[in-house]
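Start from the sequences and build out the full structure, keeping to the hints where you can.
What follows is each chain in one-letter form.
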Amino acid sequence: MLKHLDEYRDKRLAENLVRSIESTLTRPWTIMEICGGQTHSIMRYNLQELLPNEISLIHGPGCPVCVTPIELIDQAVELGRQTDVILVSFGDMLRVPGSKEDLLSVKAQGGEVKMVYAPLDALEIAEKNPEKEVVFFGVGFETTAPAVALAVKQAQIRGLENFSVLVSHVLVPPAIKALLEDKQNRIDGFLAAGHVCTIMGTAEYISLAESYQIPIVVTGFEPVDILLGIQKCIILLEQNHPGVENAYPRSVKPEGNPAAKKILKEVFTPVDRRWRGIGTIPQSGLKLTAAYQKFDASARFRLQHTTAEEPELCLAGEILTGRKKPPDCPAFGNQCKPDNPLGAPMVSSEGACAAYYRYQKTDRS
Amino acid sequence: MNPDPKQGLQCPIPKSDYKNVLLAHGGGGKLTKQLIDQMFYPCFENVFLRQGHDGSILPPIEGKLAMTTDSFVVDPIFFPGGDIGELAVNGTVNDLTCCGAEALYISLAFILEEGFPLDDLWKIVQSIALSANRAGIKIVTGDTKVVEKGKGDKIYINTTGIGRILPGLDIAPQHCREGDAVIINGTIGDHGIAIMTEREGLTFESTIKSDTLALNTMMLEVFRKKPGIHVVRDPTRGGVASALNEICLSSDTGIRLVEEKLPINDGVRGACEVMGLDPLYVANEGKVLVILPENEADEVLSIMRAFDAGSQSRIIGSVNGKHPGILHMQTTIGSTRIVDMISGEQLPRIC
Numbered sequence: 001m002l003k004h005l006d007e008y009r010d011k012r013l014a015e016n017l018v019r020s021i022e023s024t025l026t027r028p029w030t031i032m033e034i035c036g037g038q039t040h041s042i043m044r045y046n047l048q049e050l051l052p053n054e055i056s057l058i059h060g061p062g063c064p065v066c067v068t069p070i071e072l073i074d075q076a077v078e079l080g081r082q083t084d085v086i087l088v089s090f091g092d093m094l095r096v097p098g099s100k101e102d103l104l105s106v107k108a109q110g111g112e113v114k115m116v117y118a119p120l121d122a123l124e125i126a127e128k129n130p131e132k133e134v135v136f137f138g139v140g141f142e143t144t145a146p147a148v149a150l151a152v153k154q155a156q157i158r159g160l161e162n163f164s165v166l167v168s169h170v171l172v173p174p175a176i177k178a179l180l181e182d183k184q185n186r187i188d189g190f191l192a193a194g195h196v197c198t199i200m201g202t203a204e205y206i207s208l209a210e211s212y213q214i215p216i217v218v219t220g221f222e223p224v225d226i227l228l229g230i231q232k233c234i235i236l237l238e239q240n241h242p243g244v245e246n247a248y249p250r251s252v253k254p255e256g257n258p259a260a261k262k263i264l265k266e267v268f269t270p271v272d273r274r275w276r277g278i279g280t281i282p283q284s285g286l287k288l289t290a291a292y293q294k295f296d297a298s299a300r301f302r303l304q305h306t307t308a309e310e311p312e313l314c315l316a317g318e319i320l321t322g323r324k325k326p327p328d329c330p331a332f333g334n335q336c337k338p339d340n341p342l343g344a345p346m347v348s349s350e351g352a353c354a355a356y357y358r359y360q361k362t363d364r365s
Numbered sequence: 001m002n003p004d005p006k007q008g009l010q011c012p013i014p015k016s017d018y019k020n021v022l023l024a025h026g027g028g029g030k031l032t033k034q035l036i037d038q039m040f041y042p043c044f045e046n047v048f049l050r051q052g053h054d055g056s057i058l059p060p061i062e063g064k065l066a067m068t069t070d071s072f073v074v075d076p077i078f079f080p081g082g083d084i085g086e087l088a089v090n091g092t093v094n095d096l097t098c099c100g101a102e103a104l105y106i107s108l109a110f111i112l113e114e115g116f117p118l119d120d121l122w123k124i125v126q127s128i129a130l131s132a133n134r135a136g137i138k139i140v141t142g143d144t145k146v147v148e149k150g151k152g153d154k155i156y157i158n159t160t161g162i163g164r165i166l167p168g169l170d171i172a173p174q175h176c177r178e179g180d181a182v183i184i185n186g187t188i189g190d191h192g193i194a195i196m197t198e199r200e201g202l203t204f205e206s207t208i209k210s211d212t213l214a215l216n217t218m219m220l221e222v223f224r225k226k227p228g229i230h231v232v233r234d235p236t237r238g239g240v241a242s243a244l245n246e247i248c249l250s251s252d253t254g255i256r257l258v259e260e261k262l263p264i265n266d267g268v269r270g271a272c273e274v275m276g277l278d279p280l281y282v283a284n285e286g287k288v289l290v291i292l293p294e295n296e297a298d299e300v301l302s303i304m305r306a307f308d309a310g311s312q313s314r315i316i317g318s319v320n321g322k323h324p325g326i327l328h329m330q331t332t333i334g335s336t337r338i339v340d341m342i343s344g345e346q347l348p349r350i351c
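Just so you know, the sequences run in chain order A and B.
For what it's worth, the numbering used here labels the leading residue of the first sequence as 1, then goes sequentially.
For what it's worth, the numbering used here labels the leading residue of the second sequence as 1, then goes sequentially.
Please note: incorrect hints may appear among the correct ones.
Computed list of lysine-lysine pairs in PhoX-like fashion (alpha-carbon distance at most 25 Å, straight line) [claimed, not checked]: (1) A:Lys107 - B:Lys149; (2) B:Lys226 - B:Lys261; (3) B:Lys226 - A:Lys114; (4) B:Lys149 - A:Lys128.
Hints in this document: simulated from the structure, not taken from any laboratory.
Below, the structure written as structure tokens:
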């Protein structure tokens, strides 16, 4: 696995791609990478330093932790406080601030909050603690949703009565559509998220590219992968050839992963969803299908759908839609830091603000 | 009796008495005395411990002293490559070593959870005795407390170490200078990943072992031969990135790492990829960063490489005056990025 990775972190390959981009380029272009994993890689390897100034990379909303609505975090906090509940989620989710506090504070005050790497681990916790209700806070795009779907299906098969899911899954294509519908957007081309396409395939993106006449390049996550995605996107732009290219064929097949798609369709169905900092995007979230309704934590616990205020200073919405970059925010690096985040993009390692703070040369004095 | 690993695997306290720690073991009465007389004294044997005072009376020491304290709460207490006892001794010895001191004395305070198996305590006590012997440090005083079941987690160990600063040495983070080289004695991230994979039940092709090791023998040799070293630091919690960031801030210099030069075991790299961790922030327990004038680096490298603890020593970066207070890294693809201080806790209870 490691030798395989080295190839995609290779200096010579990176230099060749940068040279090719430089020779193709005739004018400035703005490219948005959708996925927070790509944002992280771009910052970690400081790709902007290698690229010509004409290429402006802006960062998209693809950080699932960042776009989870504040009300859902408040609901998770409320569940975590209940003495008969064990709340389980992925690590990053525990540090995201709700309207009053985050899940780590709930844990510090005695709530049972556990971190897992895989949703199936939550089933094990449920089996080992039959006297408790185990709630999995399911966050993520089409990449993590199949694993959660599998956990739900397994819970059904194993007859686990004490397991449920607080569903906060979101879908990428409706978000791209919403970004393109915004007339103020300045995006010339997209790098689509390779892992999402590994599951879902490329069909949805072909229709988006056609409808909005914009190039979309399916791109991986290592620095050489991202430079390759940018190179292919620049070629499409320079040739005025909107369409979809797959720059991540070692992982993405046009049809995606049929087994994962099948279980997704069986367990989840699309629903309108609010994105933190952005607003409601039609049919951009997932909810459990009727057959699996009994695993829905928000119904089981009769959770209140309250609304909560975001900190006024936080520009998360503009950051997540690429209208502003993190250093443009007046709170960046002073009132808002990773150890005292005002908004979610400063929390998750995939959040644009956290990535800038961690890796970029900015004046933080 | 000095502990002998071949014969010493049997707990000396008769099984028929108790198999587990009782509150009374920390109560100061008969059971406490049994623990001290049958387990601690024979294992940690030395004249200072046998004085039987409330504390230890130590002979005069010439020169400056270094003193350090540390608490060990690692979970799990036994892990690939070591255990909490070995970690406590090595960690304390290494902290003294990083001050430029010869490690002399260590105190040992146990906080035990009621019900903790005496067999496990015995294993840990033996491991402490062996590590202390190896490092040449004397256990001169100690304490045992027991807390009710559920009020602690198995065993915590607190130590204090005292050492003598070698004459002519002046090691401090503020002494890092432009033009210095940064050396490390081997692979990074092994301890943190060993703990993490053990705790999470993750398995990889080969077991990743903790690097816990006392570094005093190697470093004393370096100090004696090259007393002009500027900074010595063990990159424990927070890893290499945090240790170097602190040095940048203390000395108002900038350090530039070269990613390609960082020694990382394949297992650690793989585990970090899977768990989304950066090995630069992962804890080490047998590593040392040495910062010194570049023209002395080759000589120090050859001294370090003569020891097992330093066989993989190499230069991983350099000190510059361009970006004071900031740690940079040249990435594998040739760009430069900041390596910031970590925010929050990457991995809790690692040592």
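Evaluation of the provided hints:
The hinted pair formed by Lys107 (chain A) and Lys149 (chain B) meets the criterion: a straight-line CA distance of about 20 Å does not exceed 25 Å. With a C-alpha separation of about 24 Å, the suggested pairing of Lys226 (chain B) with Lys261 (chain B) holds against the 25 Å cut-off. Under the criterion of a C-alpha separation no larger than 25 Å, the hint pairing Lys226 (chain B) with Lys114 (chain A) is inconsistent with the structure, at around 49 Å. With a CA separation close to 21 Å, the supplied pair Lys149 (chain B) and Lys128 (chain A) stays within the 25 Å bound.
Checked against the numbered hints listed earlier, the structure breaks hint 3 alone; every other hint is satisfied.
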